[in-house]
Amino acid sequence: MSNEGGFDFGGVKRNAMLEGKGMQVPRAWKTGTTIAGIVFKDGVVLGADTRSTSGSTVADKNCEKIHFIADNIRCCGAGTAADTENVTDMVSSALQLHRYATGRPSRVITSLTMLKQHLFKYQGHVSAALVLGGVDMNGPHLFTVYPHGSTDSLPFATMGSGSLNAMAVFEAGFKDDMSREEAMALVARAIRSGIYNDLGSGSNVDLCIITKDKTDYLRNYEFLQQKTYVRQFPVVYPPGTVTVIKERVVKLSLADVTVTTVEPGATEMDTS
Amino acid sequence: QNRAPARVSVHLSSAMSWSPYTDNGGTVLAVAGEDYCIVAASTRLSSGFDILTRDSSKLLQLSPKVVLASAGMQADMKALQKMLISRHVMYQFNHNKPMSVTAAAQLLSNTLYYKRFFPYYTFNIVAGLDDQGRGAVFSYDAIGSYERSGFFCQGSGKELIQPVLDNQLKAASPLVIPSKSDLTSLPLEQALDLVKAAFVSAGERDIYTGDQVEITIMTKDGTRKDSLQLKLD
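Here the protein sequences line up with chains A and B, keeping their order.
The number in the working numbering is simply the position in the first sequence, starting from 1, with 136 added.
The number in the working numbering is simply the position in the second sequence, starting from 1, with 203 added.
Derived from the structure by calculation, the hints contain no laboratory data.
The structure displayed is predicted, hence computed values, not measured ones.
Some hints here could point you the wrong way.
To be verified - FRET-style restraints, in silico, Cβ to Cβ: (1) B:Thr225 / A:Asp313: 39 to 49 Å; (2) A:Val161 / B:Arg319: 28 to 38 Å; (3) A:Ser289 / B:Trp221: 32 to 42 Å.
Yeah, the Cβ is synthetic: ideal placement off N, Cα and C, and Gly gets one too.
Same shape as in the complex, but just chain A (with noise of 0.2 Å):
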């Protein structure tokens, strides 16, 4: 049977039957998830929180939600982790190469209308929902975009399960030009706000902060909660708990290492 590209829907009927008959459908990984983004004097500050879900199982506490497009260019993901995850990724190398082609820095539309068309064609099936922000020469900009294929262009913009929860608080405090530290507040707390009160988003929040000279990433901005209890006897289980049957020991030749510090927050794509 040939394949003339897209998605083979060649199983649907069998899945249908399957299920029918009980089988347990696997769950994609979705990122519940509560993101947001505002445009400020200088430029856009971005949030998302860090919980990503199966069903109702925490399947990653810390995930990254804030995904590199280019270096003035950034995008929070919400919907299926491995659709946000590859749509972004998918873009961002597209651009690198358009920017070869241009030898000019990116545009943010230009990010926008690749992932329109990408979405578009794959009529919804690819599920990511997107909130898109960058600056560039015509300054800054940014979009939200729904899995099928549709943009807006707004001022500020929320997206993902907890979407309702942070646009209450960015409707409450939202004012044209605010300076860099009143955006970030703002965006903070409207992601705290999805963390605490949606359960498909929480603990950590991310911001990144999109100006005409520079990009800061924050990872971790927020650290909001700690487990709230240390275990007073906790259990230690000594050697010889389990019986060891066989032991190898292989030695390693030992190899030339070096340490190099990572700066925290330097998790940029290298493009070299």
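Using the hints provided, position chain B relative to the given structure of chain A.
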């Protein structure tokens, strides 16, 4: 010859329909010791992705020696609690003494099975001290099948907590001769520490478990309450 094209009909398994049940989430657990019984329940009430309240109780103290803990649908939990309170008042009138934990266990089983064809959407644990003063834990399914054991866990976090309890508290097999008690030999403080640590871990990974844990500890000296703060996210 040409085959007629196969009829394709894919039935959408997610057809919209009204359900009388909702799951309000939350986890309950109970641990029985030689002379104590610990019952704990999370206090978060949720519906879908929303939190309805951070501060609701899943525990009902039927008598100083009997506690009912219910996870599942709160409306059915409230109805079940009213039913049992009413039957307990009648029992005390007729027998001139409060219900023992074994009597309450049987009563709950009968009450649940009474609604065999429109069940209470509750996953229950009855716990307390038996007539010999030893801990007792009874666990139920939605329609009243029950079993006495040394510890049990119900609710949204049960798959996260039960294996930990099995690992730390599980007694020898019931087939061993002479028979070993299924009650844990851990002292009260250590068992309480385990319960709290288990809830904190469940709170990390289960979105429906969080806010606070309400704990009731029954010993021969009486009943005392404890609580544990959990994460609010």
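Okay, the hints, checked on the actual structure:
no., hint, in the structure
1, B:Thr225 / A:Asp313: 39 to 49 Å, "holds, 45 Å"
2, A:Val161 / B:Arg319: 28 to 38 Å, "holds, 29 Å"
3, A:Ser289 / B:Trp221: 32 to 42 Å, "holds, 40 Å"
Violated hints are absent here; each numbered hint is respected by the structure.
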